[in-house]
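Residue numbers (this note's numbering), protein chains in the order written: chain A, 226 to 325; chain B, 226 to 325; chain C, 226 to 325; chain D, 226 to 325; chain E, 226 to 325.
Please note that the accuracy of each hint is not assured.
Note that the list lumps identical chains together, so a pair holds whenever it fits in one copy or between two copies.
Claimed, not checked - Straight line, CA to CA, 25 Å or less: simulated DSS-like cross-link-like pairs of lysine-lysine:
(1) Lys262 / Lys243
(2) Lys230 / Lys248
(3) Lys325 / Lys243
(4) Lys325 / Lys248
(5) Lys248 / Lys262
(6) Lys230 / Lys262
No lab work stands behind these hints, which were simulated from the structure alone.
Keep in mind the model is a prediction, meaning the values are calculated, not measured.
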Amino acid sequence: MFIAKVTGNVVTTQKVAKMTGTKLLIIEPLCVNEADKTFAPTGRSFVAVDSVGAGAGEIVMVTQGSSARMTDTTSDAPVDCVIIGIIDSVNVPDGVVYEK
Amino acid sequence: MFIAKVTGNVVTTQKVAKMTGTKLLIIEPLCVNEADKTFAPTGRSFVAVDSVGAGAGEIVMVTQGSSARMTDTTSDAPVDCVIIGIIDSVNVPDGVVYEK
Amino acid sequence: MFIAKVTGNVVTTQKVAKMTGTKLLIIEPLCVNEADKTFAPTGRSFVAVDSVGAGAGEIVMVTQGSSARMTDTTSDAPVDCVIIGIIDSVNVPDGVVYEK
Amino acid sequence: MFIAKVTGNVVTTQKVAKMTGTKLLIIEPLCVNEADKTFAPTGRSFVAVDSVGAGAGEIVMVTQGSSARMTDTTSDAPVDCVIIGIIDSVNVPDGVVYEK
Amino acid sequence: MFIAKVTGNVVTTQKVAKMTGTKLLIIEPLCVNEADKTFAPTGRSFVAVDSVGAGAGEIVMVTQGSSARMTDTTSDAPVDCVIIGIIDSVNVPDGVVYEK
Chain A
226 MFIAKVTGNV
236 VTTQKVAKMT
246 GTKLLIIEPL
256 CVNEADKTFA
266 PTGRSFVAVD
276 SVGAGAGEIV
286 MVTQGSSARM
296 TDTTSDAPVD
306 CVIIGIIDSV
316 NVPDGVVYEK
Chain B
226 MFIAKVTGNV
236 VTTQKVAKMT
246 GTKLLIIEPL
256 CVNEADKTFA
266 PTGRSFVAVD
276 SVGAGAGEIV
286 MVTQGSSARM
296 TDTTSDAPVD
306 CVIIGIIDSV
316 NVPDGVVYEK
Chain C
226 MFIAKVTGNV
236 VTTQKVAKMT
246 GTKLLIIEPL
256 CVNEADKTFA
266 PTGRSFVAVD
276 SVGAGAGEIV
286 MVTQGSSARM
296 TDTTSDAPVD
306 CVIIGIIDSV
316 NVPDGVVYEK
Chain D
226 MFIAKVTGNV
236 VTTQKVAKMT
246 GTKLLIIEPL
256 CVNEADKTFA
266 PTGRSFVAVD
276 SVGAGAGEIV
286 MVTQGSSARM
296 TDTTSDAPVD
306 CVIIGIIDSV
316 NVPDGVVYEK
Chain E
226 MFIAKVTGNV
236 VTTQKVAKMT
246 GTKLLIIEPL
256 CVNEADKTFA
266 PTGRSFVAVD
276 SVGAGAGEIV
286 MVTQGSSARM
296 TDTTSDAPVD
306 CVIIGIIDSV
316 NVPDGVVYEK
């Protein structure tokens, strides 16, 4: 899994039937800079199915690949990226990188 | 999943039997620049099976890996990349990155 | 899937039993430069099982991951990369990138 | 699999039910510099489920993808990254890169 | 699959039960430089299960992902990287890149 920021959303009307009703969010993966206790942006973008009620600006945990189909929201769907949690805090041994 | 632009198509006569009749499009993944509200090109290329009737120049949503076999078009085929939706709009909190 | 050039082959005598008799080719993934109508080399190398009778110098279509096991040649084998087609042509809206 | 350093942890209250009770650690993949007998940091971050009782600062072995679901801790869960061992030593032909 | 050099080994006592008895080698992926007929190092490191009796310094063929579980040594284990062959030779159309 990786840590990401929700940066927006995607609207698609014309899509495969199994995707009907899914909420699609744009996410940007973040790296943890242990020394500076900050997140480093990656500039990359993915589209993830939301299974936990996440919103724009929130820091979330994302699962990729076949494991992204292991939620009730995504089972048997052509989904390779899913938000599985909203992050409360990210901690390093001597401090806090993020707190909601 | 990721956002991509359809940039062309591939023709192959000599191929594995399960691929007969599939429409093969070339796609370029795009990143979302949240601050500038633009797409950033990646310069990368994939070949994706089209399952939604997409055409050159359109902005689409693409699924990779084993999840790419979870559509009626691609079931049981040696396919690791499929177009699952044509994107209407991509939105960030304070604006619009793309509208069809 | 991606487009690749066959650049060579690999010979291995000592290998897992399920790989006996497979033809192993070296491939280099190519990117499509839509503006210039050319292929851009990536400098990367993979070893792929050939399931369509490809040869050195040919431009082929390659599938990766678990989907690489979805051909008669690779079923149940420890194979994560397979050539599934020999490409006849690659086309962009206003021209041809490649023709066999 | 790859070698990684545990750099911190993630706390998430709001998450998919199957993730309840899992310990989530932040890891940074390391590369082995054979000539210098050192680890090279990669600056990348993943979130991994801990299945072996690892702690901050430890050097661990990490499995990704569908294989990350092949432990008792992660079976059937939307998990694509798991710590499967705590590393005692990393050795190259003429020396030691790491010893716990 | 990809071509790699065995650069070392990993020792782990504290690990998931299914990994007991597996031989863990460190590998560095190599790229084939077709023009120069040489290998180019990538500087990346993975840990692979050995299923063919490989040793330090040898040039091997490596499978990743779920396909890495398709050998007798790795079946049902949390393994995403396995050595499936020891390479005898790597050949390009007008020469030899490597011979054991």
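Structure-based check of each hint:
no., hint, verdict
1, Lys262 / Lys243, "neither (41 Å within a copy, 29 Å between copies)"
2, Lys230 / Lys248, "both (16 Å within a copy, 21 Å between copies)"
3, Lys325 / Lys243, "between (33 Å within a copy, 22 Å between copies)"
4, Lys325 / Lys248, "both (22 Å within a copy, 19 Å between copies)"
5, Lys248 / Lys262, "between (31 Å within a copy, 21 Å between copies)"
6, Lys230 / Lys262, "both (16 Å within a copy, 16 Å between copies)"
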